[in-house]
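Residues per chain are reported as follows:
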Amino acid sequence: MRIGAYRNTARALAISALAAASLSAQESYALADGQVFLSTYCQACHQGKSGAAGFRIEDIQTIESFETEASDWGKVVTRVSNGAMPPQNAPAPELDARERFTQWANESLHTAACSLGITAGRRSIRRLNRDEYAATIRDLFDLQIDVAGLLPVDGAGGEGFDNAAETLFLSPLHSEKYIEVAKLTVDFASKEFKSRQKIFVAEPGPGKSPEQAAREILAAFLPRAYRRPVAQSEVESYVQLFEAATKQGNDFEPAILFAIRSVLVSPRFLFHYEPPNSSSAKQLLDQYSIANRLSYFLWGGLPDELLMDIAAKGRLHDPEVLRPLIQVMLRNDRALTFAERFVEQWLRTRQLEDDKAPDAELFPSYQIDEELRSDIRLQPVFFFQHVFKANLSLLSFLDSDSTIITGTLAQHFGLKFELQQSKDPRWMELPAGSNRGGLLGMPAVLAVSSYPYRTSPVLRGAWILDSILGTPPPPPPPNVPALEQSNRAKPSTVRELLTQHRENPVCASCHARIDPLGFALENYDSIGRWRDNQGGTDLDSSAQLSDGTAFHGPEGIRAALLERKDLFIRNLTRKMLGYALGRGLTLRDSCTVDEIVAKVKQNDYSALTLIEEVALSTPFLYQEGSTP
Amino acid sequence: MNILRKQTLSRRTLLRGAGAALGLPWLEAMATAAPEVDKGPVRMAMLYMPNGVNVAKWKPEGVGRDFTLSPTLEPLAKVKDSVTVLSNLWNEQSKDGDGHYVKEAAILTCARIKKTQGADIRNEVSMDQLAAKRAGDQTPLPSLELGITPVAVGNDAAVGYTRIYGSHISWSTPTTPLARELNPRSVYERLFRAASGPQGNEAKMDALLLDRVLDDANKLRKEVGSADKVRLDEYLSVMRSLEERVDRANSGQQRPWKPRFEIDPAGAPTDRPTTHEEHVRLMLDMIAVAFQSDTTRISTFMFGNSVSNVNFRWLEGVSAGHHDVSHHGKNDSKLEQYYLINRWHIAQYAYLLEKLGGMREGESTVLDNSMILFGSALSDGDQHNPHHLPLVLGGKGGKRINSGQHLVYTEDSQVSDLFVSMLDAFGTPVERFADSSGPLPGLLNS
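Going line by line, the protein sequences match chains R and B.
Start counting the first sequence at 0; every next residue gets the next number (numbering that gives the first Met the number 0).
Start counting the second sequence at 0; every next residue gets the next number (numbering that gives the first Met the number 0).
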């Protein structure tokens, strides 16, 4: 299914992705239809001077209003698509009418926004999140400690990642922890040979006063800690701090270590500082900002000397330099950090540690076998890493002939492989009919989209719509009457229960979309093992979408998803751009997403193209002009 | 210096009356601000339970002093005289938007949160932080935010809210949710460090360090655009509050009220609780330690995040997760499990109240001097019902609360009125809080 070029923006439109019926008529939807919708369902409250919530439909009656009143339109689309508007007890449109309206409005918004050209967008100053902080400490001191667990957990914003500038808050707890962790780090570093070499590049002695040695040490350390060249005055201010510490009775070494731990609490260390653009036009970021963006995107930590050298030569924005550099970076082991952070949040498999941990009593093997647990968690991470390192097709995520295998996983799958003794995960070709290709064959994915104690076709279906296709189903409407169960046969299977559920038209409109996707995966249990029956009853993994498409089992759903690959690619592109930028995307960014998606398609869905085009995109390399 | 900001003698009145006031010896001038010798200061906590309650098993029978604990509340039997059950309150600002996030994030702010996936988060200051701003400098830590589960991963794209809303009830500014500690051992160590103060010349070194980085921040602030200034202001604010604490330590000033309990550094709990129940108990122990040692007087605790589906199969009679059974669909088995989970939460609450009740403080106990609010941000989870919030207030708030009652209010009375009363009993009175109309009648004596 293709939806007019790649003009489909955002979520609301995509909700209808699996409801083919509503799409065919879309071509004919026009401004007049949109106005009829607004006057029928919105006008009663939202008109005139005292329009409810300060919103009046008179303001959005022209095609131009998609440009001038984009913010109002955005709210209308969100509220109508997720059912918040019209409010309860007011006449409400059928789902089909709702979607036709929001799809049209979204396309119009998108067209209007892109007619203004590609923009860099604004990212506010971004704090190191706790994973970045821990990696930076590790890189800075060449110190194998993980201090992440000592810092508060960061929440997610933007495209669902915990590196979004707008949601990296600072609590009083942070300030205490930063001071403590800095002290702990420096204590550790002062006892490690490799770390000491990084720190003590000079020492006082004949011909070199303690102050001179301190100056040399700090002049070398500060630019590494701040990830950019540092003014002499900044070095001096820390030399003064060193001197103040000696006045307090500290010897040379404790005084230097004190100055160094102070650097680790400075905002110039804790924030990703990018010199602001004072002109009104967008401009190329400074080279060191680019080096940092690249390094924290693909390695999750400090830029290395090579990156800083290229930055010093002023070549980092040059595609001829960037493209091969990106390949080198992806081949580096440090790219595993990128894979882990991106995948575990995109697929939400991080939750396998918390609410989604499979029940210990029902799944003792998972509970007991630490190797199985970690192999399950890491399979999608290594898979992702391999796809990018080997530049495979992004469609491998939907279906693949090979996957990441370990001895433990092979056993879990009941499959035989020619494995060496090594326990390392390997990229292996799957036997025919293994049902283990792509993300949907992975236990991590199958577990995180289940309850810890049973599978749920609803959760799995909703997970696919959200994480894979980027088209999350709207929330259930409030006050759905409970199912009356007295005068009907008690359902004996989840399928029967859900079938009864869908007899309620209010539920059916969405569940007809959600449930079938989950039914097709019922042959996998909560920890992703294959099963042919459940409690003695044969499992039925046949399913039918609301457009009549019938499919069966994992193979069927993979084929169905491949038919919707454009939705998947767009979703993955949005996620990747949001992660790389460390901020949420705006309507204007959807035009950048369009460009990247087009390039990826031209290059046969090449994984490398996705990363290259993200890194070469305007929002990644440029900064917005400042508004006076 | 900070003690000057108390209500009886504010810094401003002091400066206004300059000469005369400054001539007074310190502690004499402060005597009226310090609590009575024998009575400990008032403490305040909120324990938040996600997902609402099985309504039929929640509401007690009878009104006023003559009431019977409901099956869910039955674990409170031993401390019945010290609790007040509050019926028919609601938080009007959270009535629509979605089923969970708007309710949970606003339970202590009584504000209408902004619908966003993160770009422009907006709530209001929560009542605990309002109190912390005004009284937090009387204790080593202004407040203590605790939880069990990390911030939920990602955005809830289906409803259009970032899960950050569902993981924070304490907000120090409209745009700053407060990070929570989840590890009991690190809480204990933090309490110990805060209570014992800096050792040796640590305070002097910390002061040097903070001075340096605050200077860096001020310089950086001049370089960045206005949007980024907000973030740097956040940095300046948390670092300055730390600086104030260090200043207090350096001044060697005595605190007006001295707790009878000192934290034993050898008493630190495990950092790896093996069960959910153990984890919860240890976190509640930390509130008790913090309150008894007067390391802080304000705390919030989240049993789980909004929409929490903590697996409760280990609890006898339960075969599913919390959010799962809260959508009971009037199914008898799920309703029973829902009730058992609610009751388990109340039993943990009772554990804390009993523990505080056992901590003597002169003539009274820490419980007598506390207000420990237990509640959820919705009633029937299946309906996401914002009416009839399930709320219990434990303790006597320093003899201010008429406890041992079931207070039944007019349908849909504002929960913000409760907060006006609590802030009064805490010693940080306000005329109004959010959409309140005044204090909650019948709760406080005098």
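These aren't lab readings, by the way, just hints derived from the structure by calculation.
Note that the coordinates shown come from a computational prediction; the quantities given were computed from them, not determined experimentally.
Honestly, I wouldn't trust all of these hints.
To be verified - Below 27 Å or equal to it, Euclidean Cα-Cα: the simulated BS3-like pairs (lysine-lysine) are:
no. : chain 1 : residue 1 : chain 2 : residue 2
1   : B       : K94       : R       : K190
2   : B       : K94       : R       : K281
3   : R       : K193      : R       : K207
4   : R       : K74       : B       : K94
5   : R       : K246      : B       : K203
6   : B       : K77       : R       : K281
7   : B       : K113      : R       : K74
8   : R       : K574      : B       : K113
9   : R       : K281      : R       : K207
Said to hold, decoys possible - Where chain R lies over chain B, by a calculated footprint (3+ residues, C-beta under 8 Å):
no. : region
10  : 60–74
11  : 115–129
12  : 146–154
13  : 198–204
14  : 404–416
As the list claims (entries may be wrong) - The following residues of chain B were derived to be distant from chain R, with all beta-carbon distances above 12 Å:
no. : residue
15  : T161
16  : Y164
17  : M238
18  : R247
19  : D270
20  : S318
Glycine residues also receive a C-beta, built at the ideal position from the N, C-alpha and C atoms.
Practice task
Assess, step by step, whether the Cα of K74 (chain R) is no farther than 27 Å from the Cα of K94 (chain B), and give holds or violated.
Solution key: It holds: about 19 Å lies between the C-alpha atoms, which stays within 27 Å.
Handout entry: 27 Å limit on alpha-carbon distance, applied to hinted pair K94 (chain B) and K190 (chain R)
Key = 57 Å, violated
Handout entry: 12 Å Cβ clearance of M238 (chain B) from chain R
Key = The claim breaks: M238 (chain B) does not keep its Cβ more than 12 Å from every Cβ of chain R (closest is about 5 Å).
Problem - R247 (chain B) and chain R, when compared Cβ to Cβ, separated by more than 12 Å - result: R247 (chain B) clear of chain R: closest Cβ-Cβ about 15 Å, beyond 12 Å.
Handout entry: Holds or violated: K94 (chain B) to K281 (chain R), with C-alpha atoms at most 27 Å apart
Key = Violated, because 43 Å separates the two Cα atoms, which is more than 27 Å.
Exercise for the section: State whether the coverage of the region 146–154 of chain B by chain R holds or is violated, taking the criterion as 3 or more residues with Cβ-Cβ distances under 8 Å. Expected result: holds (count 7)
Practice task
Would you check the hint for K246 (chain R) and K203 (chain B), treating anything up to 27 Å between C-alpha atoms as holding?
Solution key: 11 Å, holds
Problem - S318 (chain B) non-interfacial with respect to chain R [C-beta, more than 12 Å] - result: Check fails; 7 Å does not lie beyond 12 Å.
Problem - Pair hint outcome, K113 (chain B) versus K74 (chain R) [Cα-Cα no greater than 27 Å] - result: Roughly 12 Å separates the two Cα atoms, so the pair holds.
Problem - Check of the region 404–416 of chain B against chain R for coverage (Cβ-Cβ below 8 Å, three residues minimum) - result: It is violated, with 0 qualifying residues against the three required.
Handout entry: Interface-negative label, D270 (chain B) against chain R, beta-carbon threshold 12 Å
Key = 9 Å, violated
Problem - 27 Å limit on alpha-carbon distance, applied to hinted pair K281 (chain R) and K207 (chain R) - result: Violated. K281 (chain R) to K207 (chain R) sits at ~47 Å, over the 27 Å cutoff.
The structure shown violates the earlier hints numbered 1, 2, 6, 9, 10, 14, 15, 16, 17, 19, 20.
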